[in-house]
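Peer 1: Okay, here's what each chain looks like letter by letter:
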Amino acid sequence: MTALPQTTAKKLGLVIDLDICVGCHACVINCKEWNTSNYGAPLSDQDAYGANPSGTFLNRIHTYEVKQPQKPAQTVHFPKSCLHCEDAPCVTVCPTGASYKRSEDGIVLVNESDCIGCGLCAWACPYGARELDAAEGVMKKCTLCVDRIYNENIPEIDREPACVRTCPANARHFGDFADPESDVSQMSAARGGMELMPEQGTKPVNRYLPPRPKADIHTDGDINILAPFLEPVADTPKGLLGWLDKALEAL
Amino acid sequence: MHPAASVIIFTSLSGLGFGLLFFLGLDRPVVSGWVAFTFFLIAYALAVGGLLASTFHLGNPQRAMKAFSQWRTSWLSREGVVSVATLLVMGLYAALLIFADIRIAPLGWLGSALCIATVYCTSMIYGQLKTVPRWNMSTTPALFILYSLAGGALLSAQLPFALFAIVILTAIQILSWARGDMSFSQAGHTIETATGLGALGKVRLLEAPHSGENYLTREMVHVIGRKHGQKLRVIATLCLGIIPVAMLLFFPVNHFSVVLIIILHVIGLFVSRWLFFAEAEHVVGLYYDKR
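From first to last, the protein sequence lines stand for chains V and L. First residue of the first sequence: 1, per my numbering; consecutive thereafter. First residue of the second sequence: 1, per my numbering; consecutive thereafter.
For reference, chain V alone in the conformation it holds in the complex (with noise of 0.2 Å):
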């Protein structure tokens, strides 16, 4: 049923560090290798080797620049999967019953063999977290890799989505959100973890933490903090150098 469930047991989500990542991609990897090979339809490219590649991806980093005037451009990296929203719109509109709301954790999934992929759901979702497989025609979304987070078949320190469980640079962490004491609820509050386009009232689970300020190297119009380093060593030559010079002077 497509209604949304009142409250869940669990708000499984993820924290993103914005400070942090690096923009490698690892991440896209992993969860387009992980998802395309296990649970559900294959994560489908098409013209794969040609001149106009596209394809299925559950995750997917953008990379922003920040400016302010007079002071140094920031590069952001920006990934972006599913939120697993609490007011999930995506689940309200779809008339088939396959998308769904799990009241035990809150993971929003898609049941593909319901799914008429007749793409509503992705156009209710203001964050691009749905897309519709080319090749399967069904609708394609991150699961919070729900077929390792409580898989008895992998190692314990593999139970975590295959986003985190790669990310070299430790960006992204994954946890119970209804729990105020998980690490994942601690780190939010101690970052200002915030809501992406919160005026849309989706009340998204997943929180991303806020580049830290950068220190303002900015002084005196020099903004070279190395350059009193690289000045010349030497200011006056000596030697035959030295002779040369004073003899050129001469000239």
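Derived from the structure by calculation, the hints contain no laboratory data. It is possible that part of the hints are untrue.
Unchecked claim - Straight-line C-alpha distance at most 35 Å; calculated DSBU-like pairs for lysine-lysine:
id, chain 1, residue 1, chain 2, residue 2
1, V, Lys-71, L, Lys-290
2, V, Lys-246, V, Lys-214
3, V, Lys-10, L, Lys-130
4, V, Lys-32, L, Lys-130
5, V, Lys-203, L, Lys-66
6, V, Lys-214, L, Lys-290
7, V, Lys-203, V, Lys-214
8, V, Lys-32, L, Lys-290
9, L, Lys-202, V, Lys-67
Since the structure of chain V is already known, use the hints to place chain L on it.
Peer 2: Using the frame of chain V, we list chain L on its own:
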């Protein structure tokens, strides 16, 4: 939004079909026998043809029957349920009228009310979406219903009502374009709210996630074709409203002129419906620094 032919044909034709059925249900014009059969045939061809066109954009149309199940929350599901109910009620009304020459007026009234409800459900598929501010306005259902009534009145030759409906429709259409142009900025969505990075400064996209297009950019970040928007609005206004009104007021009314008015009005309907999709901006475009 990508102006897919299937959804433009679906919303336009089914709107016309249910508009015509609305008037047939009210016994306007008063018809029976073969004339009634022809009117109902046209109405059903438009309504059912439009509904079938909508299934062409589905990824898995063989499962379309499942779409009747979620009417409690989904406008798309409601549209399916109500449209089938409408076609069944009007089918019974039409069969009795054509083959037994029995007219059950309350059944026709019920069918007419269901016709409006169907068009309202269609409009709310788009009108409910907060992600597309240009659609998320009260004028969206008003426009869909007025297009349906105006077209239906023309097709059923209810010319005084058609004149009235077209005048109001044209006014609401122009109002909706004017309000729609401001809707995105009024909703307050910017690349800064989308990324949450506004506190740090002005945000722009440095690098897109992938070098090529993807489903999201093809479906929801459709920016081509908007440059002729203003010209197309003028063409649509002339075809759907101004010329038909002038012809209804100042030209002799005969079969030929009414057919001409219908053709012009339908051209205007298709142009405005194309603009409805092509000019609609989805908030996900902000992440791609495009609208």
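Peer 1: Find the hints from earlier in the document that the structure breaks and name them by number, from lowest to highest.
Peer 2: Violated hint: only 2; rest satisfied.
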